[in-house]
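Novice: Keeping their order, the protein sequence lines are chains A and B.
Residue 3 in my numbering sits at position 3 of the first sequence, and the numbers go up by one each step.
Residue 105 in my numbering sits at position 105 of the second sequence, and the numbers go up by one each step.
Please note that a few of the clues may not be correct.
Said to hold, decoys possible - Computed list of lysine-lysine pairs in DSBU-like fashion (alpha-carbon distance at most 35 Å, straight line):
{"no.": "1", "chain 1": "B", "residue 1": "LYS56", "chain 2": "A", "residue 2": "LYS42"}
{"no.": "2", "chain 1": "B", "residue 1": "LYS26", "chain 2": "A", "residue 2": "LYS42"}
{"no.": "3", "chain 1": "B", "residue 1": "LYS107", "chain 2": "A", "residue 2": "LYS57"}
{"no.": "4", "chain 1": "B", "residue 1": "LYS26", "chain 2": "A", "residue 2": "LYS78"}
{"no.": "5", "chain 1": "A", "residue 1": "LYS78", "chain 2": "A", "residue 2": "LYS42"}
Derived by calculation from the structure, the hints in this document are not laboratory data.
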Amino acid sequence: EPEVTQTPSHQVTQMGQEVILRCVPISNHLYFYWYRQILGQKVEFLVSFYNNEISEKSEIFDDQFSVERPDGSNFTLKIRSTKLEDSAMYFCASSEDSPNGYTFGSGTRLTVV
Amino acid sequence: SQQGEEDPQALSIQEGENATMNCSYKTSINNLQWYRQNSGRGLVHLILIRSNEREKHSGRLRVTLDTSKKSSSLLITASRAADTASYFCATPRGKLIFGQGTTLQVKP
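Build the full structure now, drawing on both the sequences and the hints.
Specialist: Okay, structure coming up:
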């Protein structure tokens with residue numbers, strides 16, 4: 001069964017450093033998403049991406065965050081200057097046809113120290 | 001606005017028993033989706049029920065949807081220890097909006 005692949009599975013970074021989280025969505029999917037889940041809290045929407053541009057973003061997704069689809073397969077989330085409160089699980093998801101059939105990756109656990 | 005709030009927040013049952021989780025939402029939807037998350041892992045899509053459906057089955061899962069009450073329920077029959085996980089309902093509005101989830105513990 002097709003999968004959404006996320007790398008790395010766990011990343012530890014120093015506060016103020018830049019991190020890039022990588023995702024390979026399912027190849028025929030058109031809609032891409034990033035979500036995050038702070039430990040013990042609900043899964044929160046960050047950003048959606050369609051047709052090579054951001055289609056929607058949440059209040060969380062401020063100027064510190066950016067997304068890119070640098071080639072035909074990867075979808076990245078960059079955090080420019082990490083803060084302690086950015087520590088969370090970050091999930092990538094893709095769907096062929098929003099709003100149906102989302103597939104999530106297994107997540108990247110980001111720990112900012 | 002909040003969408004997809006589940007209750008109970010936590011549920012503990014014995015293996016073999018049925019588990020029922022409920023979800024309420026606030027605005028109109030065209031479908032509602034249930035996901036499972038094992039501790040520290042990714043989200044797994046379980047089942048999608050469309051707004052014109054009242055009930056849907058998938059294996060040991062049974063989902064109902066009452067659009068007049070803006071609520072849905074997920075029933076897991078004959079539960080197993082492997083069903084221990086957090087369960088979320090989510091409604092798509094372009095993006096998925098998740099509730100807090102129900103943490104289910106199935107004791108062997």
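Novice: Report the numbers of all earlier hints that the structure fails to satisfy, in ascending order.
Specialist: Checked against the structure, the only hint that fails is number 3, while the rest are satisfied.
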